[in-house]
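Enquirer: Quick note on numbering: the sequence shown equals residues 1 to 189 in the numbering used here.
Derived from the structure by calculation, the hints contain no laboratory data.
Please read all numbers here as calculations on a predicted model, not as lab measurements.
Among the hints, a few may not be true.
[Unchecked claim] Here are the computed lysine-lysine pairs in the DSS-like style, where the Cα-Cα straight-line distance is at most 25 angstroms:
(1) K99 <-> K131
(2) K72 <-> K18
(3) K3 <-> K72
(4) K120 <-> K131
(5) K18 <-> K99
(6) K173 <-> K184
(7) K128 <-> K184
(8) K47 <-> K128
(9) K99 <-> K72
(10) K3 <-> K34
(11) K131 <-> K184
(12) K99 <-> K184
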Amino acid sequence: MNKTKNSIFKSALLIFSKNGYNGATMDEIALNAKVAKGTLYYHFKSKEEIFRYVISEGMNVIRGEMEEEAGKESNPINKLKAVCRVQIELIFRNREFFKVLMSQLWGQESRQLELRNVIKDYIGIIEKYLKEAMENGYIKNGETEFMSYIFFGVLCSGAVYDLINNNEESMEKLTEKITRYVFKGMNIT
């Protein structure tokens, strides 16, 4: 991504996070990116196009990091732990991106439907690692698709926990807690 597009990306992410999609304007994105409005329109025809770019680029980074970290592991459980670590690191490093993702999942606008498909693809990667763990006897047989959504949901809940508690715990401690509950459960008797 070139310098100008990177500046627009960061600006749009901040503005979408702060004002929501509907409250964001091209003028504000350009002003915050310190680019002329014409430059912004040269790169992106509309706010919707910028939004799609932000989601696409952001998710490409997450997917790439997740697959890179999981690829370093041979044990399927460690691959799933790597997924936890990468997603939690994302939340710590870039709250704005996570806020934009979560706020735009709802609704029937084309951007929201596209975002749900992007998230579904991401969850599909989690499902792949769950299937591998299941096939190798690390976890009980079950509905991997449903399990992958639960796994993703638990990670998102970790972000909510972190947000409400104002970063009181380190990323490492939060990752350890989440993986402990995901893999060991609540030990209900």
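Enquirer: Evaluate each hint against the coordinates.
Expert: Hints and how they fare:
1. Under the criterion of a C-alpha separation no larger than 25 angstroms, the hint pairing K99 with K131 is inconsistent with the structure, at around 29 angstroms.
2. For the hint linking K72 to K18, the alpha-carbon distance of about 36 angstroms lies beyond 25 angstroms, and the restraint is violated.
3. A distance of roughly 31 angstroms separates the Cα atoms of K3 and K72; the hinted pair therefore is violated under the 25 angstroms criterion.
4. The suggested pairing of K120 with K131 holds, with an alpha-carbon distance near 16 angstroms, which does not exceed 25 angstroms.
5. At most 25 angstroms may separate the alpha-carbon atoms for a hinted pair to count; K18 and K99 meet this at roughly 9 angstroms.
6. Restraint check: the Cα-Cα separation between K173 and K184 comes to about 16 angstroms, which is no more than 25 angstroms; the hinted pair holds.
7. The straight-line distance between the Cα atoms of K128 and K184 is roughly 20 angstroms, inside the 25 angstroms bound, and the hint therefore holds.
8. Proposed proximity of K47 and K128 is contradicted: the alpha carbons are some 34 angstroms apart, above 25 angstroms.
9. For the given pair, K99 sits about 29 angstroms from K72 by alpha-carbon distance, which is inconsistent with the 25 angstroms threshold.
10. Note on K3 and K34: the hinted pairing holds, with a Cα-Cα distance of about 12 angstroms set against a maximum of 25 angstroms.
11. Among the hinted pairs, K131 with K184 is consistent with the structure: their alpha-carbon atoms are about 18 angstroms apart, no more than 25 angstroms.
12. Between K99 and K184 the alpha-carbon distance is near 29 angstroms, which puts this suggested pair outside the 25 angstroms criterion.
Violation of the numbered hints given earlier is confined to hints 1, 2, 3, 8, 9, 12; the remaining hints are satisfied by the structure.
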